[in-house]
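Line by line, the protein sequences are chains A and B. When the letters of the first sequence are read in order and numbered with my numbering, they come out as residues 12 to 235. When the letters of the second sequence are read in order and numbered with my numbering, they come out as residues 2 to 184.
Be a bit skeptical, because a hint or two may be false.
Counterexamples of contact, computed for chain B against chain A with all Cβ distances above 12 Å [to be verified]:
(1) E14
(2) I26
(3) E52
(4) A70
(5) I96
(6) K103
(7) A105
(8) E132
(9) K134
(10) E139
(11) E147
(12) I157
(13) D162
(14) Q166
List of simulated lysine-lysine pairs, DSSO-like, C-alpha gap at most 30 Å [said to hold, decoys possible]:
(15) B:K51 - A:K59
(16) A:K140 - B:K48
(17) A:K87 - B:K51
(18) B:K48 - B:K64
(19) B:K56 - A:K87
(20) A:K54 - B:K74
(21) A:K140 - B:K51
(22) B:K84 - B:K74
(23) A:K54 - A:K16
(24) B:K123 - B:K138
(25) B:K103 - B:K91
(26) A:K87 - B:K64
According to the in silico footprint, chain A covers these stretches of chain B (three or more CB under 8 Å from chain A) [claimed, not checked]:
(27) 29 to 35
(28) 38 to 48
It should be emphasised that the hints constitute simulated quantities derived from the structure, not laboratory data. Don't be surprised by glycine CBs; every beta carbon is placed ideally from N, CA and C.
These are the residues of each chain, in order.
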Amino acid sequence: MLNIKNLWVLNIAGVEVWITETIFNTWLIMLFLIIFAVIARIKLHNFKTVPTGFQNFIEAVVEAFDGFASNALGEKLSYIAPWFFMVFALILSCSLFSIFGVRAPTADFATTFALAFATFILMFFMGFKHRRGSYLKSFFEPHPVFFPLNLIGELSKPVSLSFRLFGNMLSGTIILTLYYGLTPLFVQIGIPALLHAFFDVLFGALQTYIFVIISLMYIKGAAD
Amino acid sequence: MHRIVFLAQAAPEGRVFGLDFQTLIHIGIQLFNGIILAVALSFILYKPVKEFMRKRTDRIQSKIDEADATMAKANELIAEYEKKLKNIDKERAEILEAARLKVADESKNILEEARREALEIKKRSMDSVAEEKERLKEETRLYIIELASLIAEKYIKQSIDAEIQDKLFEEALAQLEDTQWQN
Numbered sequence: 012m013l014n015i016k017n018l019w020v021l022n023i024a025g026v027e028v029w030i031t032e033t034i035f036n037t038w039l040i041m042l043f044l045i046i047f048a049v050i051a052r053i054k055l056h057n058f059k060t061v062p063t064g065f066q067n068f069i070e071a072v073v074e075a076f077d078g079f080a081s082n083a084l085g086e087k088l089s090y091i092a093p094w095f096f097m098v099f100a101l102i103l104s105c106s107l108f109s110i111f112g113v114r115a116p117t118a119d120f121a122t123t124f125a126l127a128f129a130t131f132i133l134m135f136f137m138g139f140k141h142r143r144g145s146y147l148k149s150f151f152e153p154h155p156v157f158f159p160l161n162l163i164g165e166l167s168k169p170v171s172l173s174f175r176l177f178g179n180m181l182s183g184t185i186i187l188t189l190y191y192g193l194t195p196l197f198v199q200i201g202i203p204a205l206l207h208a209f210f211d212v213l214f215g216a217l218q219t220y221i222f223v224i225i226s227l228m229y230i231k232g233a234a235d
Numbered sequence: 002m003h004r005i006v007f008l009a010q011a012a013p014e015g016r017v018f019g020l021d022f023q024t025l026i027h028i029g030i031q032l033f034n035g036i037i038l039a040v041a042l043s044f045i046l047y048k049p050v051k052e053f054m055r056k057r058t059d060r061i062q063s064k065i066d067e068a069d070a071t072m073a074k075a076n077e078l079i080a081e082y083e084k085k086l087k088n089i090d091k092e093r094a095e096i097l098e099a100a101r102l103k104v105a106d107e108s109k110n111i112l113e114e115a116r117r118e119a120l121e122i123k124k125r126s127m128d129s130v131a132e133e134k135e136r137l138k139e140e141t142r143l144y145i146i147e148l149a150s151l152i153a154e155k156y157i158k159q160s161i162d163a164e165i166q167d168k169l170f171e172e173a174l175a176q177l178e179d180t181q182w183q184n
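Kindly generate the complete structure, drawing on both the sequences and the hints.
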């Protein structure tokens, strides 16, 4: 039950590709988020000057995230906020979907490393774009002898970022799996709701925030 | 030639964690999924909503600016009217002062005229009185003459006796007879 199941195996030009539960669940979550976005987009035509109900929710989410990203990144880098809006929506949705028994894609290292790797790429790209030579020079500071340490420090960022999220999400999954697997049926009513609320909702929201804010800090640190 | 083959039966046992070529492929797939989702959410939701909010903010800001401009204009008008009111007070004071001066002048002129007319009337009255006095003097004189004549006549009447009267009568009669004969 803990294992990430392989649903299908594709053979693409001789390369074997396992389509795992993680990838399938990611597609499910993507589908849900895209449908939600399309609904919001359709309703956008009827949005009023004074927001109410659904419009209020959409505006609050977008505005809150935009404000958060703009504060963390500054105006100069705010154009990368949409990527982190996706990261935010995806990680949070992964956690929330696990309430319904969908194995969280973030409890798979491939997902967390993919997101952390994107942060790493953005970090390097923004560093070179905004600081050019001085970013490269920062690897040799305070003395060129520190270059290997600086390089390891930079390379460890996506690793630590991905393992933090992976570990936290997996821990929740393990605990819940153990609970469902080891406890008698009568304690599986009611109590798991609290565990899900804690591990999926609370931990999920917290880890989403941590992942996003650390990613933003890394990028801002590289670009400034 | 690219071939995609489903090998559902050949799916290997699942795992919790692994660092191999499959993990690398999964990372690539998840990265690709992330890019697709980022593009979709960005273009379908994030940017349009932000654009909507930006336009609304601009619209509200423009209304606020418009209101500020109207307020500034109103304040200018108030200041202008206050200035005008202040000037009106000044102007009113000037007009009143001018009117007061004019009235005082007029009053002086009227008084002067009245005085002059009064003097003229007085002079005319004095002349009239003098003329009247002269006339009365003359009348008195004539009256005295007449009175004296009457007194003299009365005295003469009383002084002439019957004899003289007869003689005078006779002479008058004789004259009368001579006159008729000549006719």
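Hint check:
At roughly 7 Å, the least C-beta separation between E14 of chain B and chain A is not larger than 12 Å, which violates its mark as non-interface. Not every beta carbon of chain A lies more than 12 Å from that of I26 of chain B, the smallest distance being close to 6 Å; the non-interface claim is violated. For E52 of chain B, the requirement that its beta carbon stay farther than 12 Å from each beta carbon of chain A is not met, with the minimum near 9 Å. Residue placement check: A70 of chain B keeps its beta carbon more than 12 Å from all beta carbons of chain A (closest about 21 Å).
Listed as a non-interface residue, I96 of chain B keeps its Cβ farther than 12 Å from every Cβ of chain A; the least gap is roughly 55 Å. Every CB of chain A lies more than 12 Å from the CB of K103 of chain B, the least distance being 65 Å, so the non-interface label holds. A105 of chain B, annotated as away from the interface, keeps every beta carbon of chain A farther than 12 Å; the closest lies near 69 Å. Once the 12 Å rule is applied to beta carbons, E132 of chain B is consistent with being away from chain A; the minimum gap is 105 Å.
Separation of K134 of chain B from chain A is adequate, the least Cβ-Cβ distance of about 108 Å exceeding the 12 Å criterion. Annotated as non-interface, E139 of chain B keeps its C-beta farther than 12 Å from every C-beta of chain A; the closest such distance is 115 Å. Distance to chain A confirms E147 of chain B as a non-interface residue, since its nearest Cβ pair spans about 124 Å, more than 12 Å. Against the 12 Å criterion, I157 of chain B stays outside the reach of chain A, whose nearest CB is about 139 Å from its own CB.
Remark: the non-interface label on D162 of chain B is consistent with the geometry, its nearest Cβ contact in chain A lying 150 Å away (cut-off 12 Å). The beta carbon of Q166 of chain B sits about 147 Å from the closest Cβ of chain A, which is more than 12 Å, so the claim that it is off the interface holds. A distance of roughly 14 Å separates the Cα atoms of K51 of chain B and K59 of chain A; the hinted pair therefore holds under the 30 Å criterion. Between the alpha carbons of K140 of chain A and K48 of chain B the distance comes to roughly 23 Å, so the proposed pair stays at or under 30 Å and holds.
Among the hinted pairs, K87 of chain A with K51 of chain B is consistent with the structure: their alpha-carbon atoms are about 17 Å apart, no more than 30 Å. At most 30 Å may separate the alpha-carbon atoms for a hinted pair to count; K48 of chain B and K64 of chain B meet this at roughly 24 Å. For the given pair, K56 of chain B sits about 21 Å from K87 of chain A by alpha-carbon distance, which is consistent with the 30 Å threshold. Using a Cα cut-off of 30 Å, the hinted pair K54 of chain A and K74 of chain B is violated, with the two alpha carbons roughly 40 Å apart.
Restraint check: the Cα-Cα separation between K140 of chain A and K51 of chain B comes to about 25 Å, which is no more than 30 Å; the hinted pair holds. Our distance criterion of 30 Å between C-alpha atoms is met by K84 of chain B and K74 of chain B, whose separation comes to about 15 Å. Straight-line distance between C-alpha atoms of K54 of chain A and K16 of chain A comes to about 38 Å, which puts the hinted pair past the 30 Å bound. Only pairs whose Cα atoms come within 30 Å are accepted, and K123 of chain B paired with K138 of chain B is accepted, the gap being roughly 22 Å.
About 18 Å separates the Cα atoms of K103 of chain B and K91 of chain B, which keeps this hinted pair within 30 Å; it holds. Among the hinted pairs, K87 of chain A with K64 of chain B is consistent with the structure: their alpha-carbon atoms are about 29 Å apart, no more than 30 Å. Given as covered by chain A, the segment 29 to 35 of chain B passes the check, having 6 residues with a CB less than 8 Å from a CB of that chain where 3 are the minimum. Check result for the segment 38 to 48 of chain B against chain A: holds, 9 residues qualifying (beta carbon to beta carbon below 8 Å, three or more required).
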